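Number of protein chains: 6
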Amino acid sequence: MTSNLTHFDAQGQAHMVDVAAKDVTHRVAVAAGRIRMQPATLALISSGNAKKGDVIGIARIAAIQAAKRTADLIPLCHPLPLTRVTVDFELDEVASAVQCRAQVETLGRTGVEMEALTAVQIALLTVYDMCKAVDRGMVMEQIRVLEKQGGKSGDWTATLET
Amino acid sequence: MTSNLTHFDAQGQAHMVDVAAKDVTHRVAVAAGRIRMQPATLALISSGNAKKGDVIGIARIAAIQAAKRTADLIPLCHPLPLTRVTVDFELDEVASAVQCRAQVETLGRTGVEMEALTAVQIALLTVYDMCKAVDRGMVMEQIRVLEKQGGKSGDWTATLET
Amino acid sequence: MTSNLTHFDAQGQAHMVDVAAKDVTHRVAVAAGRIRMQPATLALISSGNAKKGDVIGIARIAAIQAAKRTADLIPLCHPLPLTRVTVDFELDEVASAVQCRAQVETLGRTGVEMEALTAVQIALLTVYDMCKAVDRGMVMEQIRVLEKQGGKSGDWTATLET
Amino acid sequence: MTSNLTHFDAQGQAHMVDVAAKDVTHRVAVAAGRIRMQPATLALISSGNAKKGDVIGIARIAAIQAAKRTADLIPLCHPLPLTRVTVDFELDEVASAVQCRAQVETLGRTGVEMEALTAVQIALLTVYDMCKAVDRGMVMEQIRVLEKQGGKSGDWTATLET
Amino acid sequence: MTSNLTHFDAQGQAHMVDVAAKDVTHRVAVAAGRIRMQPATLALISSGNAKKGDVIGIARIAAIQAAKRTADLIPLCHPLPLTRVTVDFELDEVASAVQCRAQVETLGRTGVEMEALTAVQIALLTVYDMCKAVDRGMVMEQIRVLEKQGGKSGDWTATLET
Amino acid sequence: MTSNLTHFDAQGQAHMVDVAAKDVTHRVAVAAGRIRMQPATLALISSGNAKKGDVIGIARIAAIQAAKRTADLIPLCHPLPLTRVTVDFELDEVASAVQCRAQVETLGRTGVEMEALTAVQIALLTVYDMCKAVDRGMVMEQIRVLEKQGGKSGDWTATLET
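Chains as they are written, first to last, in full-length UniProt numbering: chain V, 1 to 162; chain G, 1 to 162; chain F, 1 to 162; chain P, 1 to 162; chain L, 1 to 162; chain A, 1 to 162.
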């Protein structure tokens with residue numbers, strides 16, 4: 001790890017960094033996060049999921065589409081040809097939260113952590129949007145990269161402690 | 001508060017709900033959140049902020065632009081003519097975190113909570129992007145709506161407890 | 001009905017026509033269309049719809065999002081603040097087709113026929129995308145405006161005959 | 001052909017399928033469709049085309065731009081670096097219709113059928129938009145993939161019967 | 001005229017300024033600019049314009065579409081519901097240049113100078129793109145606002161001197 | 001140099017030209033331009049740059065983002081995976097202008113002149129937007145490609161004379 005922010009040059013000016021010399025490798029990133037809510041809200045999602053009002057299904061689609069738009073949203077991100085996006089959800093009754101986990105892959109010259117994080121963020125926001133009429137106080141948290149593979153910096157796995 | 005998810009009709013099918021009968025009123029929403037990081041990362045941002053490598057300034061621009069794209073990102077959101085967007089940051093050395101707060105306003109038929117939350121999410125993601133080369137384990141958290149004003153459901157302020 | 005194409009001026013040059021003098025009224029448009037396929041493909045959609053692999057639910061979300069992007073796709077369309085979008089599907093076993101019907105509403109200065117048609121087109125395209133691995137020969141057809149309400153030109157209903 | 005919808009995993013959850021193991025090959029797709037209208041409307045387009053009011057030229061531009069946005073419109077499509085897009089029109093006086101045919105090519109890991117279909121759909125929608133003031137009852141039909149080349153599944157040509 | 005940049009607050013932080021208290025009035029802006037080229041390039045455009053290879057027609061469509069996307073391109077611009085966009089071109093043989101002039105109108109709370117300038121810039125860029133294979137040295141110049149009407153600051157007309 | 005406009009086929013119809021047979025090479029383009037203003041406006045930018053109200057920093061971010069959207073704005077441009085974008089500014093007190101220079105790079109099948117020019121144009125537009133409250137008469141000029149490298153047509157450098 002370096003001690004400088006690579007998105008700035010020696011004069012402190014932002015730039016989109018040069019990745020032309022980096023190899024095209026198979027790169028994978030996994031990110032996760034959750035939205036905590038009232039138990040009654042979680043129950044509504046749970047019942048809807050089973051029968052009608054598919055909050056989770058819609059959040060998944062929003063997340064996949066957002067992953068594809070990451071370079072449009074994050075100013076200094078490189079556009080990347082994603083080869084795979086999966087988004088999973090788990091209803092956690094103990095924490096009274098919807099847990100989201102996104103995995104993004106590419107064959108490219110730079111990693112896809114930002115794509116995985118963007119997918120998680122938009123998934124959680126979509127859940128918020130669809131449930132806000134019944135629970136305005138929901139909180140999004142524990143949003144982070146869990147692991148990455150590929151590239152010169154090698155593999156990395158988060159040390160988890162909340 | 002109702003006990004149903006308004007984004008679904010009686011058959012459980014998603015729709016963009018009818019807001020034509022709602023009044024055009026001045027609506028305000030405030031959202032906040034933070035990204036927790038290593039103290040050395042926060043110090044890098046802090047020094048950059050003062051002199052060069054303006055992480056915070058870039059995150060602010062990304063946030064304002066994202067607020068304008070909310071209806072494009074969140075499937076069932078209505079497009080709204082935003083009249084004001086402000087995004088503030090605070091470097092919290094005790095929590096070793098960058099705190100972000102966004103306020104969005106409109107003269108419209110529905111609220112702007114989603115726009116304020118989207119601004120916060122993209123602000124935090126941009127900070128992550130610019131610092132990830134030195135600190136991959138940053139965590140985004142406490143992302144929520146703090147208050148809303150305007151509209152038939154009236155004003156609302158979050159009861160905070162983390 | 002006039003006998004000229006209003007999107008061109010007297011010199012034949014395209015422009016986005018002036019709607020400033022038109023009244024803000026409640027405008028509604030309904031469009032429909034279908035995608036014809038092999039009976040086995042329709043059966044796959046039907047079973048997925050009930051249990052898993054929700055083709056219809058995903059097509060609905062894509063359609064609603066596309067309605068919001070109409071002015072970005074159709075060069076001379078005015079941007080309009082949509083107040084409502086609904087998209088319904090019917091599995092027609094006689095015609096071996098998925099039928100789609102979109103209704104779009106606004107309080108604006110011009111109609112929303114294009115938004116309703118765009119929603120239908122993208123809905124059908126999404127169905128095609130999700131089923132093309134099993135049935136490449138699907139055909140989209142009968143895509144039209146069914147009715148419109150509001151505005152100076154008044155209400156209109158299609159005379160149907162295929 | 002398989003009997004399952006590849007856009008869903010074993011649990012019926014949508015995902016953007018993994019194409020990393022597929023070869024980069026030259027892929028071509030051709031799609032077509034038409035918009036049927038009153039003979040007087042076709043005559044207006046025909047005269048405009050020759051002299052002024054170039055409906056066809058504008059529809060072609062809209063179609064090419066739409067092909068580039070396919071992955072943004074169709075939720076589970078992969079972004080692809082298009083290497084060629086052509087869009088042709090024919091005024092069919094017998095059917096009283098404008099016929100559109102789009103050919104899209106890439107050097108990529110998956111096919112471009114969706115890009116070709118999207119180009120056709122937006123071309124027809126643009127014709128509708130520009131002529132709707134004189135003919136609201138136009139119908140879009142026979143929209144399909146005509147052929148594809150490249151990729152593991154090999155070449156394919158539609159068996160035409162309307 | 002004030003002596004401060006209104007896009008920054010008292011702390012020098014960028015924001016999208018509050019326009020809620022401004023009146024909705026009819027606002028018009030006219031911008032212009034030109035692209036200077038070799039006489040042979042201008043002759044190619046001129047002949048294409050008359051018969052085939054319609055550079056000007058394509059640049060006009062790109063300009064109208066760009067006007068609609070101004071708030072997406074310029075970070076602190078407010079989204080505005082445009083009511084009219086016209087884009088005119090003139091082939092100036094004396095200056096060996098294509099001159100472009102865009103007029104944009106809205107009924108809104110803030111002006112449309114940026115929309116008119118964006119239309120001109122993208123029009124000129126499109127001409128550059130289409131002619132660059134024969135003339136890479138073209139220069140874009142004299143791009144400015146010519147006049148604006150409406151709003152509290154009143155009407156304004158540029159004092160021209162190049 | 002050929003004497004034909006490659007964006008049109010033999011019938012004069014626009015198309016996105018076939019680049020599949022072109023080699024993937026490292027391609028670089030540099031473009032520049034300036035916005036001329038009143039000396040007092042330049043002084044405001046200059047002081048803001050040093051302390052607060054960072055016009056230049058915001059224009060840089062807008063330019064980098066615009067470079068990534070070039071294929072979305074210019075109808076016949078190919079989408080390209082940019083590998084590097086840098087945007088530099090210089091405050092020219094003699095000309096009373098902000099000078100902007102953008103360098104864009106890719107490993108692709110076609111050049112990035114349009115991306116570099118788009119970055120410059122949006123940079124200058126953003127400066128205009130942020131200063132227009134104090135100086136509406138600013139003029140953008142000398143916008144051109146300075147040099148390109150890579151590709152079959154080889155390197156090229158502009159012969160400068162204003």
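Keep in mind the hints are simulated off the structure, nothing from the lab.
Given the structure is predicted, the values throughout are model-derived calculations rather than measurements.
A couple of the hints might just be wrong.
As the list claims (entries may be wrong) - Taking lysine to aspartate or glutamate pairs in the EDC-like style, the calculated list, with each CA pair at most 20 Å apart, reads:
| id | chain 1 | residue 1 | chain 2 | residue 2 |
| --- | --- | --- | --- | --- |
| 1 | V | Lys-152 | V | Asp-18 |
| 2 | L | Lys-22 | G | Glu-147 |
| 3 | G | Lys-152 | V | Asp-135 |
| 4 | F | Lys-22 | L | Asp-92 |
As the list claims (entries may be wrong) - If you want a taste of the chain V side facing chain G, the calculated C-beta under 8 Å gives, among others:
| id | residue |
| --- | --- |
| 5 | Ala-14 |
| 6 | His-15 |
| 7 | Val-19 |
| 8 | Val-24 |
| 9 | Leu-44 |
| 10 | Val-55 |
| 11 | Ile-58 |
| 12 | Pro-75 |
| 13 | Met-114 |
| 14 | Leu-117 |
| 15 | Met-138 |
Stated by the list, open to error - Derived coverage of chain V by chain P (criterion: at least 3 residues anywhere in the stretch with Cβ under 8 Å from a Cβ of chain P; other residues may be distant):
| id | region |
| --- | --- |
| 16 | 27-33 |
| 17 | 122-136 |
For glycine and all other residues, C-beta sits at the position ideal for the given N, C-alpha and C.
We went through each hint and held it up to the structure:
Note on V/Lys-152 and V/Asp-18: the hinted pairing holds, with a Cα-Cα distance of about 14 Å set against a maximum of 20 Å. Taking the CA atoms of L/Lys-22 and G/Glu-147, the gap is near 24 Å; set against the 20 Å cutoff, the hint is violated. Pair hint G/Lys-152 plus V/Asp-135 holds up; C-alpha atoms about 16 Å apart against a cutoff of 20 Å. A C-alpha spacing of about 36 Å is found between F/Lys-22 and L/Asp-92, which places the hinted pair above 20 Å, so the restraint is violated.
Using the Cβ-Cβ criterion of 8 Å, the hint placing V/Ala-14 at the interface with chain G is satisfied: the shortest such distance is roughly 6 Å. With its C-beta approaching chain G no nearer than about 11 Å, V/His-15 sits outside the 8 Å limit, and its interface hint is violated. This hint is violated: V/Val-19 has a C-beta 13 Å from the nearest C-beta of chain G, more than the 8 Å allowed. A cut of 8 Å between beta carbons decides the hint on V/Val-24: the least distance to chain G is about 20 Å, and the hint is violated.
The criterion of a C-beta within 8 Å of any C-beta in chain G is met by V/Leu-44, whose closest approach is roughly 6 Å, and the hint holds. Evaluation of the V/Val-55 hint against chain G yields a held restraint, the C-beta minimum of about 7 Å falling below 8 Å. Hint on V/Ile-58 holds. Least Cβ distance to chain G is approximately 6 Å, under the 8 Å limit. The closest approach between the C-beta of V/Pro-75 and any C-beta of chain G is roughly 5 Å, which is under the 8 Å cut-off, so the hint is satisfied.
Taken as an interface hint, V/Met-114 checks out: its beta carbon lies about 5 Å from the nearest beta carbon of chain G, inside 8 Å. Satisfaction of the interface hint for V/Leu-117 is found here, the shortest Cβ-Cβ separation to chain G being roughly 6 Å, below the 8 Å cut-off. Proximity of V/Met-138 to chain G holds as hinted, the smallest CB-CB distance being about 7 Å (cut-off 8 Å). Against chain P, the region 27-33 of chain V contributes 0 residues with a C-beta closer than 8 Å to a partner C-beta. That does not satisfy the three-residue criterion, and the hint is violated.
Coverage of the region 122-136 of chain V by chain P is violated. Counting CB-CB distances below 8 Å, 0 residues qualify, and the rule asks for three or more.
In summary, the numbered hints that this structure violates are 2, 4, 6, 7, 8, 16 and 17.
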